[in-house]
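Enquirer: Given next are the chains, with one letter for each unit.
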Amino acid sequence: ELKVEQNPLFLSMQEGKNYTIYCNYSTTSDRLYWYRQDPGKSLESLFVLLSNGAVKQEGRLMASLDTKARLSTLHITAAVHDLSATYFCAVDGHNDMRFGAGTRLTVKP
Amino acid sequence: DAGVTQSPTHLIKTRGQHVTLRCSPISGHKSVSWYQQVLGQGPQFIFQYYEKEERGRGNFPDRFSARQFPNYSSELNVNALLLGDSALYLCASSRSSGRMDSYNEQFFGPGTRLTVL
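Protein chains in written order, with the numbering used here: chain A, -4 to 104; chain B, 125 to 241.
What the hints contain is simulated information worked out from the structure, not anything from laboratory work. Note that this is a predicted model, so its numbers are computed, not measured. Take the hints with a grain of salt, since some may be wrong.
What the hints assert, rightly or not - Label pairs and their computed distance ranges (CB to CB):
| hint | chain 1 | residue 1 | chain 2 | residue 2 | range |
| --- | --- | --- | --- | --- | --- |
| 1 | B | Ser220 | A | Thr22 | 18 to 24 Å |
| 2 | B | His142 | A | Gly54 | 25 to 31 Å |
| 3 | B | Lys176 | A | Gln52 | 34 to 40 Å |
What the hints assert, rightly or not - Chain A is faced by these chain B residues, among others (derived, beta-carbon under 10 Å):
| hint | residue |
| --- | --- |
| 4 | Val128 |
| 5 | Gly152 |
| 6 | His153 |
| 7 | Ser157 |
| 8 | Gly164 |
| 9 | Gly166 |
| 10 | Gly180 |
| 11 | Gly182 |
| 12 | Leu214 |
| 13 | Ala216 |
| 14 | Glu229 |
| 15 | Gly235 |
No residue lacks a Cβ here, since even glycine has one placed at the ideal position from N, Cα and C.
The following block holds chain A by itself, in its conformation from the complex (with noise of 0.2 Å):
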């Protein structure tokens, strides 16, 4: 059974700082998602990762796949208060989509 994996569950980080999220995955696959989430709102969908070694960024933020390792990461640089939001990782199973129980990221001043 495919079981995603996020830690930290909670992050705590100062502006200006930089952290990594991670993400591991039980089973093989080569597709992976990144969804953030607001309080009471829908995902939003940050990244997707078709690839061994794909990297990809947005703004402050950095994502990368290592399907052999089954781990790709979500790197936060210059966190800014904006940031704050649960993330979520996600990985494409067999006719499903399996989700890690996400990161509750706070930026505090």
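Go by the hints and put chain B onto chain A.
Expert: Just chain B now, with coordinates in the frame of chain A:
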């Protein structure tokens, strides 16, 4: 273009009742998936439909059922509601059913918040 739409936005039911949730996908998308998100957790997959056929089913009891219509909209039905069914129900649409031909980027609707009392 309009995004994924869901109705209703909020719903309050009592135990034992039945509920129907509705979803309209993005124009041109043929696949609809349903997820349950309990407060503080990640979404859990319930169903995927593609071209009106069920393509995937998560680990949910038979009280949960769904269907997709010729216009690709979808309904999720839940019978004999339990307190534990209280959650945000998310619908997501994508162009394909995924896996072999192209990636399955899903776009999520705003969700229906179901409260069971």
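Enquirer: For every hint, state whether the structure bears it out.
Expert: Do the hints match the structure? See the list:
Checked against the given bound of 18 to 24 Å, the beta carbons of Ser220 of chain B and Thr22 of chain A, roughly 21 Å apart, stay inside it. The hinted window of 25 to 31 Å between His142 of chain B and Gly54 of chain A is violated, with their beta carbons roughly 45 Å apart. About 39 Å separates the C-beta atoms of Lys176 of chain B and Gln52 of chain A, a value consistent with the hinted range of 34 to 40 Å. Given hint, Val128 of chain B at the interface with chain A, holds; its Cβ is 8 Å from that chain's nearest Cβ, closer than 10 Å.
Hint status for Gly152 of chain B relative to chain A: violated, with the closest Cβ pair at about 16 Å, above 10 Å. Because the smallest distance between the Cβ of His153 of chain B and any Cβ of chain A comes to about 14 Å, over 10 Å, the interface hint for this residue is violated. At its closest, the beta carbon of Ser157 of chain B sits 7 Å from a beta carbon of chain A; the interface hint therefore holds under the 10 Å criterion. Annotation: interface hint on Gly164 of chain B holds; nearest CB of chain A at approximately 8 Å, less than 10 Å.
For Gly166 of chain B, the suggested interface contact is upheld, since its CB lies about 4 Å from the closest CB of chain A, less than 10 Å. Hint on Gly180 of chain B holds. Least Cβ distance to chain A is approximately 3 Å, under the 10 Å limit. Interface hint at Gly182 of chain B: satisfied, since its Cβ lies 6 Å from the closest Cβ of chain A, which is below the 10 Å cut-off. Against a cut-off of 10 Å between C-beta atoms, the interface hint on Leu214 of chain B holds, since the closest Cβ of chain A lies about 6 Å away.
Look at Ala216 of chain B: its Cβ gets to within about 8 Å of chain A, closer than 10 Å, so that hint holds up. Annotation: interface hint on Glu229 of chain B holds; nearest CB of chain A at approximately 5 Å, less than 10 Å. Interface restraint check: Gly235 of chain B against chain A, minimum CB-CB distance 5 Å, threshold 10 Å, status holds.
The structure fails to meet hints 2, 5, 6 from the earlier list, while all remaining hints are met.
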